[in-house]
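Participant: One line per chain: the protein sequences are A and B, in this order. Quick note: the first sequence uses UniProt numbering, first residue 1, plus one each step. Quick note: the second sequence uses UniProt numbering, first residue 1, plus one each step.
Incorrect hints may appear among the rest.
Per label pair, the in silico range of CB-to-CB distance [claimed, not checked]:
hint	chain 1	residue 1	chain 2	residue 2	range
1	A	L301	B	D47	53 to 61 Å
2	B	K84	A	D149	47 to 55 Å
3	A	F158	B	Y189	45 to 53 Å
4	A	L178	B	R186	23 to 31 Å
5	B	T131	A	C244	51 to 59 Å
6	A	S3	B	D44	57 to 65 Å
7	B	D44	A	V18	41 to 49 Å
Here are some of the chain A residues that sit facing chain B, going by a computed Cβ distance under 7 Å [as the list claims (entries may be wrong)]:
hint	residue
8	I21
9	N39
10	S42
11	R106
12	G113
13	S118
14	L178
15	T264
16	S265
17	M324
18	I333
19	S337
20	A339
FYI, nobody ran anything at the bench for these hints, they're computed from the structure. No experiment lies behind these values; they were computed from the predicted model shown. Even for Gly, the Cβ is constructed at its ideal location relative to N, Cα and C.
Here's the letter readout for the chains.
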Amino acid sequence: MTSGKTKIAYAVLGILTVAGIAAWIYQLMGGLGVTGMNNGTSWGLYIGCFMFFVGLSAGGLIVASSASVFHVAEYKKVALPAVILSTACICVAGIFVLVDLGGIQRVWRIITGFNPTSPLCWDICVICLYLVINIIYLVFMTSNKDDADRKVAIVSRFALPVAILVHSVTAWIFGLQLSREGWYSAIMAPLFVVSAMDSGLALLMLVLGGLNKSGWFKTEKKLMSSLAGLLATCVAIDAFLVGCEVLTMAYPGAAGAETLAVMTSGVTAPFFWAEIALGLLIPFCILVFARNRENMGLVMLASACIVIGVFCKRIWLLFTSFFMPNVYGAPGIISGSSASAHATGMDVWAVVGTYAPTWVEIVIVIGVISLGALAFMVMCQKLLPAAKKEQSSDAPAAEGAAA
Amino acid sequence: MTRYGIAIDLHRCTGCHTCTIACKIQNNIPMGLLWNRVITEGSDMVDGAVGEYPNLTRRYVPVACQHCENPACMRVCPTGATYKDDKGRVEIDYDKCIGCRMCMAACPYNARVFNWNEPHREPDFDYGDKTVPVRSKGVAEKCTLCKERTDRGEEPRCVVACMGRARTFGDLDDPNSEISKLIAERHAYVLLEEQGTKPQVHYFE
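Pulled out of the complex, with its shape left as it was, chain A reads as follows (with noise of 0.2 Å):
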């Protein structure tokens, strides 16, 4: 049986997901006009946890193919919690992508008139793809069959190169547009990948602290301290990376610089800044001792940080580039959003670039995270206790280790 706190979660969850739910009829109902998207600013919170989501997907199941493609034993021991994470990830990043479509009676649109230069067209074919592989990865993982481990293998092999690749085409439908200052950059792809790393891996070691706390599943220490090493590893390449496009930009004191001061002193700047201390200089501070690494508390607290200052960085990669027009005069943009639509004389037009959620979108973000939360908790119950049955004898047994 389920305990008590368990319930709880559940129906907490449930009920934000239905609230979630109920928002998002009534965003069907009113138009995207009740979010705070407008013709200057016309992506959203919606696509910034798009990229958050598809990114934190990512830790799980890098770290769970490459256990098997490089032979990392140690690995191999949470790789099933790391695709149940990787699975409930992909699948609310694709729910993102689906709540911020204007004409989602017309989404088959995209089979019949499928437009192969369209990197949008690209990520829907590798997230299907990635779904699939984290599918069937976990089909075979929970195999009793005798040649599951050899299956496993095969499809790590698959499983590595797309997961790279579902992170490289997300960055390329922003990394492709000439017409974002901010975004058109060939760091981009691997920008991505290498937060997807860091974000993922976190999230990983969050959540595996979590299954610890419940009983779900136990982590060693030792491997709990040695993910935490390369989750260093990837705070220090992130910041590497993220050091590298802040100098081309800046350098040449042009265009780039103009969208770089947005970043670091303008309307993006505390995500940037965020990012800059959550997401990079603190957990890397504290994950590069060995003996923090050893401390359960310190190598959570870091993970947190991780995540919260990645979100942070998909902020201000997503809205810098949305503030400058590159045709700028007044009166600028019509904004052609709900709060427009009321206001008269000058407040219809907007200068530069202006967004914020309104409480529409923030609860159907809440909602569509707690239905990812739900869905991790059931395939967690449902999968965890088969991987424990090799030890322990049969089902109740099983039931018995979720209480």
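On the provided structure of chain A, position chain B as indicated by the hints.
Facilitator: Below, chain B without anything else, positioned relative to chain A:
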């Protein structure tokens, strides 16, 4: 081939916004949206000036879809809703638009607007040309180069309505057309040439 375009004499543009309003009525554009806008270039104030007194300049630039030869919006559209038609215009098939707004992220000119809400008109009826398709909530729209008018041999509404006769419409592929001659003689330029979109809307002074 025909490749329609517009050339705009900025010296003749007085910033009256008549083209904006004529376009709105012709194309049945709902409240809160516009396909064409006239910006006071480089200023954060309408009719403002750029520079330091007494060396001030002011220039109005009408901006709408540039009907690019290499349209960034068309490249990124996942459903093929945005297409380049046989007369060189960039058009949208509204039935195919899923409202992902990839095109709005890709367009360097912010030429596109989105039906964020159920379209609302004041006065409350379809005031546009009856041949112009009505767009629903959740699709992107933009200047069509007055597809319906130009198809029947008329000039776009903004060209006809401009009181300063600043706008010239014509076929860029015909070297003898008035627009081709103007572009050659008046050393016309395009907006954001460095973006490589090759606009078919040209500007000159």
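Participant: Determine which of the earlier numbered hints do not hold for this structure and return their numbers in increasing order.
Facilitator: Failing hints, ascending: 8, 15, 16, 17, 20.
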